[in-house]
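J.: The residues making up each chain are set out below.
6 protein chains.
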Amino acid sequence: MRLNGRKTDQTRSVSITTNANKYAEGSVLIEFGDTKVICTATVDEKVPPFMKGQGKGWITAEYSMLPRATQVRNQRESARGKLTGRTMEIQRLIGRALRSVVDLHALGERTITLDCDVIQADGGTRTTSITGSFVAMAIAIHEIAEKHKLARFPITDFLASVSVGIINDEPMLDLNYEEDSKAKVDMNVVMTGSGKFVEVQGTGEEAPFSREEFNQLLALGELGIQELVELQKTALGPVISEKIEKVAAAARG
Amino acid sequence: MRLNGRKTDQTRSVSITTNANKYAEGSVLIEFGDTKVICTATVDEKVPPFMKGQGKGWITAEYSMLPRATQVRNQRESARGKLTGRTMEIQRLIGRALRSVVDLHALGERTITLDCDVIQADGGTRTTSITGSFVAMAIAIHEIAEKHKLARFPITDFLASVSVGIINDEPMLDLNYEEDSKAKVDMNVVMTGSGKFVEVQGTGEEAPFSREEFNQLLALGELGIQELVELQKTALGPVISEKIEKVAAAARG
Amino acid sequence: MRLNGRKTDQTRSVSITTNANKYAEGSVLIEFGDTKVICTATVDEKVPPFMKGQGKGWITAEYSMLPRATQVRNQRESARGKLTGRTMEIQRLIGRALRSVVDLHALGERTITLDCDVIQADGGTRTTSITGSFVAMAIAIHEIAEKHKLARFPITDFLASVSVGIINDEPMLDLNYEEDSKAKVDMNVVMTGSGKFVEVQGTGEEAPFSREEFNQLLALGELGIQELVELQKTALGPVISEKIEKVAAAARG
Amino acid sequence: MRLNGRKTDQTRSVSITTNANKYAEGSVLIEFGDTKVICTATVDEKVPPFMKGQGKGWITAEYSMLPRATQVRNQRESARGKLTGRTMEIQRLIGRALRSVVDLHALGERTITLDCDVIQADGGTRTTSITGSFVAMAIAIHEIAEKHKLARFPITDFLASVSVGIINDEPMLDLNYEEDSKAKVDMNVVMTGSGKFVEVQGTGEEAPFSREEFNQLLALGELGIQELVELQKTALGPVISEKIEKVAAAARG
Amino acid sequence: MRLNGRKTDQTRSVSITTNANKYAEGSVLIEFGDTKVICTATVDEKVPPFMKGQGKGWITAEYSMLPRATQVRNQRESARGKLTGRTMEIQRLIGRALRSVVDLHALGERTITLDCDVIQADGGTRTTSITGSFVAMAIAIHEIAEKHKLARFPITDFLASVSVGIINDEPMLDLNYEEDSKAKVDMNVVMTGSGKFVEVQGTGEEAPFSREEFNQLLALGELGIQELVELQKTALGPVISEKIEKVAAAARG
Amino acid sequence: MRLNGRKTDQTRSVSITTNANKYAEGSVLIEFGDTKVICTATVDEKVPPFMKGQGKGWITAEYSMLPRATQVRNQRESARGKLTGRTMEIQRLIGRALRSVVDLHALGERTITLDCDVIQADGGTRTTSITGSFVAMAIAIHEIAEKHKLARFPITDFLASVSVGIINDEPMLDLNYEEDSKAKVDMNVVMTGSGKFVEVQGTGEEAPFSREEFNQLLALGELGIQELVELQKTALGPVISEKIEKVAAAARG
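Residue numbers (the UniProt record's numbering), protein chains in the order written: chain A, 1 to 253; chain B, 1 to 253; chain C, 1 to 253; chain D, 1 to 253; chain E, 1 to 253; chain F, 1 to 253.
For the record, the hints were derived by calculation from the structure and aren't laboratory data.
Predicted, not measured: the structure shown is a model, and the values here were computed from it.
Please note: incorrect hints may appear among the correct ones.
Copies of the same chain look alike in the list, so a pair counts if it fits in one copy or across any two.
No farther apart than 16 Å at their CA atoms in a straight line, the calculated lysine to aspartate or glutamate pairs in the EDC-like style are these [what the hints assert, rightly or not]:
#, residue 1, residue 2
1, Lys196, Glu206
2, Lys246, Asp103
3, Lys147, Glu77
4, Lys233, Glu170
5, Lys22, Glu178
6, Lys149, Glu109
7, Lys243, Glu143
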């Protein structure tokens, strides 16, 4: 049993609240236990210079934590004058992961920017951001698809992310901050609704891990992600969910 | 009658929710209609270098808006690498205003940092930040006073802020974004619970204003601030409120 | 009596010397006692990107102090790599104040940049900068009006600024540095030649102030500004002054 | 057969030349085909502030590419004034990977900085940097161990890294730039000499991948790393290699 | 004859006005024709970290131009967020030149910062800055020598600087901006009162120059510098001038 | 005799290896003893904005040292976020020197960027960079001349650079780091193959120097440069060398 009464293969209580922002084209407040992230999707009817004229859209993400999202206050990155390596790494990961389930040609020359702002952090902020951003992005893309009568629906599958790790030789799902700081191995898994891997980032800085441990962690990750995809479907509602499922089913053949 | 059905001397619906953050020593979510700001107070048991050895504390503030707090997405200041002049001006104002009602000697060599993060912006974010920060700060200072058994309670009065402006020759209280963009004259008023001015910043960029108009605006501001101070008392509860009132009454003689 | 022999309602000795720079389209050296500021106006026959195509001009200002303008040397902002909040606040104020007396449509798609460089600082550098910049700007705009035969003269009124404050319960006009550092209340007033307010910024960080004190300060400010406007007229000479007065009189009806 | 005549499980020609720099405490020039990286190890007899007083050492890395290391010239990061996200991600990875095989307590309060400067880039620069840095670090640590007669030898195992990917459904080892740009799945593997994983970063931005594909890639990666560890042993010579092996064997029990 | 009626070996009208600033330990306004520079010397009773504990002082310089010092307005370096290469080159040159005539041991652990702010630029700003800074520095050092009763007077010789160049095959002294932009060869010479070279920087970007031309230019430079040293003596007055001459004479033996 | 067995008028062993980089349009590895610099030339078929539409090309240079090129590790300029004054000064010098022997009209609207990256530094890195860059540039320009069948060959003369200095009253050629740190006078000379001066930068920070010493240094510099130009010819081969010589001979008449 874990400190917080969870089983090793159990996620924290997760909630996804849509319409968390009055202005954004898509938005959610997503909570994994005490981790709370606001994800907004902003649609821009043009692409960045390096993408111009290719007939394709672009998905990008930015990530930030409020200074007191954590136990100890962090200096604002705007006050330092630059982003930390951790922030850059996370926002590159979020953008890359989301792009893997978007048909950029079907989207057309538009940019969607996902802003993930961590209001409170208790571990797993990057996986929470990916899982929440997917929902905000899907709402925004659905609106584009309706308004511009896109020929193909541009989202090709569901996408969610969860962390797994090994604590005292025990693989565990969805670590909170306290668990994360005790874990010898730490892995973030991003998967599609069809059960394929999009990103796997495993780190054994404290202790290298074996092939067998790796497999146990991946299995736990798969379990968590199936659960999260169900929550995403509920949050998105049947209309949008069915459009995504239809495209995904067609791709699986 | 105003667009939103308010009378000219009526504020928007205001709510102050304490404990908006799990980690901070004091925190509130404050809402003025659709303007929403999270204010957290962080206590640091030391002062910045320029204050060292004076036996006095320090109060400082930082202000930021989430990129999609507004109708059009703003670039993050962390991505630009520097704060805008507007942000600097606002956070200097918040800090200065709060210091005016803190007895820094009574506080002792400690720093309290107020972080005001605008989740959604519909006008009046700086006055909302001041009004909310006062509550977060009072909670944090009360905790310090208890824990360190301070000889004097360091808060000398209540403090709130509201905007006023002139639209079509009509003075109005608490402008929202749409009203603010039509106002010829725009003024931010910061006052104490005892009815004294701490900051008055009036701007007639579009049209200079007369002494008489000035007086009408100040009167409206006073009205709004009395109402806000009552809401602060409710949010803080009787124990803290009475401590502040006692110090303020003693100062008034 | 004040330390320097002045009466409470008396400004320091003020001088405005035009043609202080060989290259600028308008320039003055303005001195308020030991405070010395060079103000130059640069005309650019285009507007910044955000103003393009509106048929309007733009007025903007930059402010800086030489490192040894003050008793203790300040680090250059170019060496720190960024402007301080104080500088940003001041240059935003100067630009906003000047724009309030310019008919931007009459000016046409041109930008005038006022550079206020403080050679020596003894209090009141921002009010001195506004008062001096107005003269430099008027010279430059007059030249534009002549050269391009503008249909309407674009300056709508005179504009000057002065500081007032309360020292030992006594309201005083035009504080020097020593007085400023003793003042409990500090206010900067910007007014037009017709006696209307453009900006009022009052701060009671050390001690909040009452409505009555506020009124006394405003009255002192009005007095000082009338005097400064007379000096501006002398510096500008009758040709330019009469053009401004004519537009202002027409606007007053 | 691959474009360059290699088999799918074959690395490029790899060479590791020690003493590539006259001043550094350890240095190598490492070449993977046309990818060339200079790795230098600098020893500093103190640790960064956040590590002070813990009796532990620190290993950190910096990574950079010469502007014309690539087909198209890249702007220098010093000229932009900041590091790109890619650079930060890579240097964080190198440092983390190296720390996993160093007993920081045995090292004592010292910092070793690995500088990885890419002279020419043809794919795999981050894995090449890790593999080369390990050798430069081992030389520098061996010198410290001798000079300060350390009680325990601080390196706990060999460490190398290689990339793997899937091109046209075929898993391949050690992609060059041309192959990398065609790969649908791209994975970097960091492993110890004892065959345990330290980092696995797999990305399927273009196409998600299955559990089976994942396993094939890991197997290829293991193969490549065994080969690289042999080259590291040759470069380091028997004295240092045996010290590392002894510690690793003891840890494996 | 030159455009401005000067002979080829004639400097512009030069004036050096001391006490140009109320606060600085030494200050001058120096004018070479229409080039005007304020030089202030600030004394700090400590040295920068890299100089600590050596029993020696330090002389450093900063250089800047007001944005409208030139015909076309230049963007402020504080607004760009960094110094240009030109500024860095000039301020390094000024500091290096001044240090060549200061006995840093005799000065003791103090720093003197020379700020050279160009009010108006018409060519030769760097040579004007060196010539003016020497006087401001000498005044400040004299005050230190008196106040702290230094054992040896720390200035070892006079120091001045002038530009020379070749225009239409004719070597000329002290080029103004218009001449400078026509010169094929441009040289800045810094010399001591005793006639030795401290810095010679000759550039033939437009056309390489011969040994003979070089010698003609050096001869012109020597001529101009003797004249400038006389003006420095007058500006400094006999007391300080004699102290410098005495040290210089002793060194020459 | 010098420490390293050289005579006072003898350069270190110099080697110039072309094709040091697989991608660049021109490249060399140049070694002056233990000083090693990679110089690459990148051709861009356009000019910077300030040069547009003049029918002329542009030559520019960037310079950097690897962090451990020196005995003590230097912080990367990319990590500081800005270039040092030294770097700016050097890269401006390299660009200016190279432009003096290029007929920019003959080159046409193209930019050539020379990147000088110091792999190992033992004194004379700026003169080594100029000497090596000339060769890399010549290779790149020859390729342009062939490919675009330029009407005139754009290189007007050979160009090389060497340092000279005075150590213990003895003028010496090509100082290494140890000698350089003992030199009282330090001079960098840039000359053409025809024996004209392009840049002379002499500094006597430690001790001013006389006209006679100056002449001795220039003579030594001329000697060294003739030798370096011969090495450049060998490195470039007869085809390119003869083209340069032909243009230079024509110019000399």
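J.: Taking the earlier hints as the rules, which of them does this structure contradict?
T.: Violated hints (numbers, rising): 3 and 4; every other hint is consistent with the structure.
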